[in-house]
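Engineer: Protein chains in written order, with my numbering: chain A, 1 to 123; chain B, 1001 to 1128.
Don't read these hints as lab results, they were simulated from the structure.
Positions of the beta carbon are idealized from the N, C-alpha and C atoms, including for glycine.
One should not assume that every hint holds.
[To be verified] Between beta-carbon pairs, the in silico distance windows are:
(1) B:R1019 to A:E53: 55 to 63 Å
(2) B:V1125 to A:T20: 41 to 49 Å
(3) A:S18 to B:L1022: 28 to 36 Å
[Said to hold, decoys possible] Under the rule of at most 30 Å between Cα atoms (straight-line distance), these lysine-lysine pairs were calculated in the DSSO-like manner:
(4) A:K77 to B:K1098
(5) B:K1098 to A:K8
(6) A:K28 to B:K1098
(7) B:K1098 to A:K120
Below are the chains, spelled out letter by letter.
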Amino acid sequence: MPYLTDRKRAIGTGAAKSGTAHFWAMKKSSVALLILIPFFVFTFGGILGSSFEEVQAYFARPFPAIIAVLTLIVGFKHFNDGFQVMVEDYVHGIWEKILILGMTCISYGAAAVGVFAIAKMAF
Amino acid sequence: MADVNRGNRPLSPHLQVYRPQLTSISSILTRITGNAMIVAALMIVWWLLAASTGPEYFAVADGFVTSWFGDIVMFLSLWALWYHTLAGVRHLIWDNAKMLEIDRAEMLGWIAIIGSAVLTVFTVVVLW
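From just these sequences and the hints, can you work out the full model?
Structural biologist: Pasting the structure below:
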């Protein structure tokens, strides 16, 4: 034992076995969203309610398109990570896995659909 | 180990034994707002997909997203977004072991509640 560091003895002994990487991933995405969200609110919010042609022309511009793509990718990743923590808190057994798997499909799927849509308007 | 009772062991006290406090309510609201925003997020993705598809499909999705129901969802989600953002900043501060004293933690809670309302009104006025 004297040859083991405190860190070595602590790793993997918590109730969840791991989680630091998940915590750090959510911190990274939260800081990114702190920058992206104000831009997204005022670009997307500004064009919502406009005509089809105006919307198409708007997302053909680099800034609104890039902000929307980044917000969708980082936002859905952050959402999925947060949803996973909620499920791990309240749901156990097989439904814990089903809900996490299902929402991961929805999150990545929705992000992909959104990115595809913006790419189609941008190019 | 085979005889250990793994299913019906006593658990540490949870929500129901505590009196609601600003810190707990504002924490629960962070989780509710964060997860509830999936509705608006999926509506936005649908709206974007429709906008990239064609005028007829866009008319359907845009009609729903900008209907009175869509407006309510978007307005509530806008508040949820600002609340979750401010409450998230609070967590970034707490993660550095700063402002954890009860009075300062509660101050951050009031900033998230009042600040999110102010930001929501500001956003609606700017985007109207």
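Engineer: Now look at each hint and say whether the structure bears it out.
Structural biologist: Going through the hints against the structure:
1. B:R1019 to A:E53: 55 to 63 Å: holds, 56 Å
2. B:V1125 to A:T20: 41 to 49 Å: Given range 41 to 49 Å: holds, Cβ gap about 42 Å.
3. A:S18 to B:L1022: 28 to 36 Å: Given a distance of about 32 Å, which is inside 28 to 36 Å, the answer is holds.
4. A:K77 to B:K1098: holds, 27 Å
5. B:K1098 to A:K8: holds, 27 Å
6. A:K28 to B:K1098: holds, 19 Å
7. B:K1098 to A:K120: violated, 45 Å
When the structure is compared with the earlier hints, a violation turns up for hint 7 alone.
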